[in-house]
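Turn these sequences into a full structure, and let the hints steer you where they fit.
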Amino acid sequence: MEKILVIGAAGQLGSELTQALANQFGGEQVIATDLRDSARSAFDYCRFQTLDVMNKEALRDLVKEEKVTQIYHLAAVLSATGEKNPLFAWHLNMESLLYVLELAKEQKLDKIYWPSSIAVFGPNTPKVNTPQFCVKEPNTVYGISKQAGERWCEYYFEKHGVDVRSLRYPGLIGYKSLPGGGTTDYAVDIYHKAIANEKFNCFLREDSYLPMMYMPDAIKATLDLMNAPRESVKIRSSYNLAGMSFSPKEIFESIKKHVPDFQIEFNPDFRQAIADSWPDSIDDSRAREDWGWQPDYDLDGMTTDILKNLPSYFPPKKTLI
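Here the sequence shown is numbered in the UniProt record's numbering, starting from 1 and rising by one per residue.
Hints in this document: simulated from the structure, not taken from any laboratory. Keep in mind that the hints are not guaranteed to be accurate.
Claimed, not checked - List of simulated lysine-lysine pairs, BS3-like, C-alpha gap at most 25 angstroms: (1) Lys111 with Lys3; (2) Lys199 with Lys317; (3) Lys159 with Lys111; (4) Lys220 with Lys111; (5) Lys105 with Lys56; (6) Lys249 with Lys176; (7) Lys108 with Lys67; (8) Lys159 with Lys56; (9) Lys220 with Lys234; (10) Lys176 with Lys234; (11) Lys64 with Lys105; (12) Lys308 with Lys199; (13) Lys308 with Lys176; (14) Lys56 with Lys111.
To be verified - Pairwise CB distance ranges, derived in the manner of DEER restraints: (15) Phe133 with Thr304: 34 to 40 angstroms; (16) Tyr155 with Pro316: 43 to 49 angstroms; (17) Val259 with Asn227: 33 to 39 angstroms.
For glycine and all other residues, C-beta sits at the position ideal for the given N, C-alpha and C.
Written out as structure tokens, the structure reads:
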């Protein structure tokens, strides 16, 4: 039987992907790990262990003792947070990936999943329908680490046969966890402000288009890729992935259909330069051709679903009079 290890399980992606993996393989077959032991309470449906991914001896011991067959390596410092401490972001993002790839080679693990990002692209990348193969000159440490990581993943597949699979996620939007320090996280926070009836201060311009994806589609894409036959996975760096593209003004207008009094203010900060270096939209035709990728949600469908479900996860705080 498969034994699944999720590293960084308490993050925005990990918290929902771990649940989906437990649904597929059974809770006893999934080990969620995170640096913080306080995350334990969120994983009562599977097993949990505290783990610092930078402790490669502890990681190796866990994989060997538990007879792990697949690793989902999700721990990373994201774009905006990484710019505040670039050397630490590089160290964590790159060294941890190399630990996992070496371990996969050494222990002959079945599969590895590692997420990449649209951050691998840069200001000289074609911005509209960005192709799978094109110039990549990222100008954030997060993007640089993801670009280098893609090269290492392909290298370990070609040189050592490690079955590593990856997706270049656009901005991910969900309602089950709080924003985690990414440039696209405005599209998560805006819904929290809407249900709390607070004005939203947007750190991007109203016309800043970015590729985005609703979390259920991201989970579906990840599982579809990992469940695809080995021979169908023909790109071993990372697949382009697309869901929808919109601007802050458009997501605001989508929310106002449900919350007519909602207000927004635009005050671009340093994250605007990061957003300007990324694509407006993504060509994911290779993912569609190779393993049948197809998203389910558009902007209005996502907005309706989030506004329906968000209050049960993060009830708006009531103002005391």
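To see whether the hints hold, each was checked on the structure:
A distance of roughly 11 angstroms separates the Cα atoms of Lys111 and Lys3; the hinted pair therefore holds under the 25 angstroms criterion. The straight-line distance between the Cα atoms of Lys199 and Lys317 is roughly 14 angstroms, inside the 25 angstroms bound, and the hint therefore holds. Between the alpha carbons of Lys159 and Lys111 the distance comes to roughly 15 angstroms, so the proposed pair stays at or under 25 angstroms and holds. For the hint pairing Lys220 with Lys111, the CA-to-CA distance comes to about 17 angstroms; that is within 25 angstroms, so the pair holds.
Using a Cα cut-off of 25 angstroms, the hinted pair Lys105 and Lys56 holds, with the two alpha carbons roughly 14 angstroms apart. A hinted pair counts as satisfied when its Cα atoms are at most 25 angstroms apart, and Lys249 with Lys176 qualifies at roughly 23 angstroms. For the hint pairing Lys108 with Lys67, the CA-to-CA distance comes to about 11 angstroms; that is within 25 angstroms, so the pair holds. Restraint check for Lys159 and Lys56: satisfied, since their Cα atoms lie roughly 22 angstroms apart, inside the 25 angstroms limit.
A C-alpha spacing of about 19 angstroms is found between Lys220 and Lys234, which places the hinted pair at or below 25 angstroms, so the restraint holds. A threshold of 25 angstroms between alpha carbons decides the hint, and for Lys176 with Lys234 the separation of about 32 angstroms lies outside it, so the pair is violated. The hinted pair formed by Lys64 and Lys105 meets the criterion: a straight-line CA distance of about 13 angstroms does not exceed 25 angstroms. Distance hint between Lys308 and Lys199 is fulfilled; the C-alpha atoms sit about 19 angstroms from each other, no more than 25 angstroms.
With a C-alpha separation of about 12 angstroms, the suggested pair Lys308 and Lys176 falls inside the 25 angstroms cut-off, and the hint holds. Proposed proximity of Lys56 and Lys111 is supported: the alpha carbons are some 19 angstroms apart, at most 25 angstroms. Here the CB-CB span from Phe133 to Thr304 is close to 36 angstroms, well matched to the stated 34 to 40 angstroms. In this structure the hint that Tyr155 and Pro316 lie 43 to 49 angstroms apart at CB holds, the actual value being about 48 angstroms.
Range check, Val259 to Asn227: about 38 angstroms between beta-carbon atoms, so the 33 to 39 angstroms window is met.
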